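Residue numbers (the working numbering), protein chains in the order written: chain E, 1 to 259; chain U, 1001 to 1252.
None of these hints come from the bench; they were simulated from the model. In this text the structure is predicted, and so the values were computed from the model without any measurement. One thing to keep in mind: the hints can contain errors.
To give a feel for the contact side, a few chain U residues facing chain E, derived at Cβ under 8 Å [claimed, not checked]:
hint, residue
1, Phe1098
2, Leu1101
3, Arg1110
Keeping only pairs whose Cα atoms sit at most 20 Å apart, straight-line, the calculated EDC-like set for lysine to aspartate or glutamate is [unchecked claim]:
hint, chain 1, residue 1, chain 2, residue 2
4, U, Lys1035, U, Glu1238
5, U, Lys1035, U, Asp1064
6, U, Lys1076, E, Asp140
7, U, Lys1076, E, Asp132
8, U, Lys1024, U, Asp1215
9, U, Lys1123, U, Asp1099
10, U, Lys1116, E, Glu196
Chain U residues, not near chain E, derived (Cβ > 12 Å throughout) [unchecked claim]:
hint, residue
11, Leu1032
12, Ser1046
13, Asp1081
14, Gln1093
15, Asp1121
16, Arg1159
17, Ala1160
18, Glu1224
19, Asp1235
The beta-carbon is built from N, C-alpha and C at its ideal position, and this holds for glycine as well.
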Amino acid sequence: MSIIFYPFQATGRAVLGFLRALGAISLFGAQALWAILIPPYYPGQLIRQMFRIGYLSLPVVGLTALFTGAALALNIYTGGSRFNAEQFVPNIVALGIVRELGPVIAAIMIAGRVSSGIAAEIGAMRATEQIDALHTLATDPVRYLIAPRVLAGLLVLPPLVVIADIIGIMGGFMVGTLRLDFVGAIYIQNTWDILEPFDVISGLIKAGVFGVLLTLMGCYHGFNAQGGAQGVGRATTDAMVSAAVLIIAANFLLTSAFV
Amino acid sequence: MSQAPNSPATKIRWSNVCKRFGDKTVLNGLNLEAKEGRSLVVIGGSGTGKSVLLKCALGLLAPDKGRVEIDGKAVKAGRHDDPGIAQIGMLFQSGALFDSLPVWENVAFRLIQHDKVKRSDAKARAIAALGQVELGADAGEKFPNELSGGMLKRAALARAIVSKPKILFFDEPTTGLDPITADVINHLIRQQVSELGATAVSITHDMASMRVIADDVAMIDQGEIRWQGELSTIDACENERVRAFITAGQHG
Chain E
1 MSIIFYPFQA TGRAVLGFLR ALGAISLFGA QALWAILIPP YYPGQLIRQM FRIGYLSLPV
61 VGLTALFTGA ALALNIYTGG SRFNAEQFVP NIVALGIVRE LGPVIAAIMI AGRVSSGIAA
121 EIGAMRATEQ IDALHTLATD PVRYLIAPRV LAGLLVLPPL VVIADIIGIM GGFMVGTLRL
181 DFVGAIYIQN TWDILEPFDV ISGLIKAGVF GVLLTLMGCY HGFNAQGGAQ GVGRATTDAM
241 VSAAVLIIAA NFLLTSAFV
Chain U
1001 MSQAPNSPAT KIRWSNVCKR FGDKTVLNGL NLEAKEGRSL VVIGGSGTGK SVLLKCALGL
1061 LAPDKGRVEI DGKAVKAGRH DDPGIAQIGM LFQSGALFDS LPVWENVAFR LIQHDKVKRS
1121 DAKARAIAAL GQVELGADAG EKFPNELSGG MLKRAALARA IVSKPKILFF DEPTTGLDPI
1181 TADVINHLIR QQVSELGATA VSITHDMASM RVIADDVAMI DQGEIRWQGE LSTIDACENE
1241 RVRAFITAGQ HG
């Protein structure tokens, strides 16, 4: 008899587990937001995190954007040539990069570097009682560790995405002019003409949201890591996977809102 | 309860503290007092609830039942700004120094981040505290991963005492150290507790450590205090569990 109910039990357990995690992450996020808004602040920590999340992510973001823009130009040219629309390569590359691929690709790459790194660092601090030590030194771990990282994510992702946009469009430009025989000046003119301010703004809003999500996931999974080295490893993987899934889901919701 | 004349006041009181993790009862209605200005050592085997007892007093864990009081006021769990918790300096079993900071900044962490002491002044006080535990200024410039186990414990002790706390907690202070280094750490702890006039609570299963550090001893077993008395009375204690514990390792 009870075997009949196994699928329902398993589904119920999964749903309850998901809701519990959602509630815990929401509370954690609210704590982090409160700590960002209300002093004391730790500007040294914020600057350090902005450097680590922002500046040190430049190479990976730049390279990814360059090749994404280049591949996008080739694909649009191939597809466009089937109905004589090759001339729209600059326009579609620009729109695709600025509205969609720039923010998403940059965020996913930074999630791979940063979310897992944050989870590993904070998880190791949890395993070696350093977070407990903060508490005994009259310092709120959420204010000292979490708030600067989440705020840094919010502040550095938009400029990183602007850089990714520019480099991505450059990738398309290089392929367009060097391989597809576009005239450079016309390519740039078409790119410039198609873009509207809101295309850029919507990408920057996405970047800010993604920055919060990817740092929050790293912090949440690291802060709640249990079980020594194995727990830290699990937190690292969970942080990366949950950040990537949330970025993709949030991208859909934001795109739906902006269209 | 009336206080005996000349008896020190109670600084920390655990009253009927219960704590469970899942099905496992770790603290089972534990009652214990730490007297002001005295050094209490809690002994007990692994998994008997020693660390949980300390974590409840530090506000790192909330008791399921009962309460912990410091100066007669209940400790609020999760509140790093609780006035009782703010009086505590803690030496963790692993040292728990921050990997990302040099040793002197670890020692000065509370001075800089909480007490808002100028960095140069905080550094001078940190170097002085390192000197008190027989570490030179050069050790202060190193990172924790560059120190030996004994040096790490000394640096963590310096961090615990630098702000001259009224209460000191020591979690297994000699675990993982060789006997000579452990003896040095024990004597440093005793010296610092005496100089500060602080109330100290240590948890250990190291009997040599107990004999150097303690004024008073309590034995915890299965989440309850089985025996409590002055160090001088422990060898005459007739409690079987205590006798078994303090004589273990003396045979063969």
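| Going back to the hint list, which numbers does this structure go against? | Numbers 2, 4, 5, 8, 10, 13, 14, 16 and 17, in rising order.
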